[in-house]
Structure formats: C-alpha cells, structure tokens
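Participant: Sequence:
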Amino acid sequence: WTLVYVPYCDGASFTGSRVIDGLHFRGTDILNGVNSDLKAKTRIRDAKQVVLSGGSAGASAVYYHVDAFAEGLSLSRGEVVGIPDAGFFLDLRD
1 WTLVYVPYCD GASFTGSRVI DGLHFRGTDI LNGVNSDLKA KTRIRDAKQV
51 VLSGGSAGAS AVYYHVDAFA EGLSLSRGEV VGIPDAGFFL DLRD
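The numbering used here applies: residue 1 is where the sequence shown begins, and numbers increase by one.
Honestly, the hints are just simulated from the structure, not real lab data.
Accuracy of the hints is not assured; some may be wrong.
Unchecked claim - Simulated restraints on C-beta separations:
no., residue 1, residue 2, range
1, Leu90, Lys39, 33 to 43 angstroms
2, Arg77, Ser53, 19 to 29 angstroms
3, Ala12, Ile83, 17 to 27 angstroms
4, Arg43, Arg93, 45 to 55 angstroms
5, Tyr63, Pro7, 17 to 27 angstroms
Values in this document were obtained by computation on a predicted structure and should not be read as measured data.
We put the CB at the ideal spot given by N, CA and C, even for glycine.
Kindly produce the complete structure, drawing on both the sequences and the hints.
Facilitator: Have a look at this one:
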C-alpha cells in the first residue's frame, strides 16, 4: 500500500485555474501537479488499483475529478476508483 495525502487547500474543491478580482483559483493546477508528480516520482502507472477518496468537501472533489484524474494517470493496467464520503450537497431549504 502507498498512501498519498493531498490536503484540501484551495477552498473550491480543486476547481478553477484563474485569477478573479485578485483571488487566485488554482485547484485544477494543484490536481494536475499532483498527478504529474505521482507519475514522475512513483510507479503509480503499474498500480493494480488506485483509490481516490475524500470526506465532506473533499468528497465533492472526488465526484468532480475522479474520471479526469484517472485519465491523467494513464495506468498501464488496473483501475482507478472513487470513494466519496458525505460530499453530496443539495441546495434545498432546511
């Protein structure tokens, strides 16, 4: 087993890649960087299974990005699965 922890650090579920009114949104760049770094420094392409998981807002990021992250890893064989934990937010009144 190998564990890679990516802290939830961008405040927007790892989305965006622009500056708006002085605010920097770089979530897409962060995920692309993590993906590139894993491919360059590990043997992740040879993994039999990669699990992308997160809780709460991190789980939303799993929903949003698991397919693109899997495509970017370009595994030689194996699968990438997502396990979001409690990240489905409905815009409903209480």
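Participant: Now look at each hint and say whether the structure bears it out.
Facilitator: Checked hints:
no. : hint                              : verdict
1   : Leu90 - Lys39: 33 to 43 angstroms : holds, 36 angstroms
2   : Arg77 - Ser53: 19 to 29 angstroms : holds, 21 angstroms
3   : Ala12 - Ile83: 17 to 27 angstroms : holds, 21 angstroms
4   : Arg43 - Arg93: 45 to 55 angstroms : holds, 49 angstroms
5   : Tyr63 - Pro7: 17 to 27 angstroms  : holds, 18 angstroms
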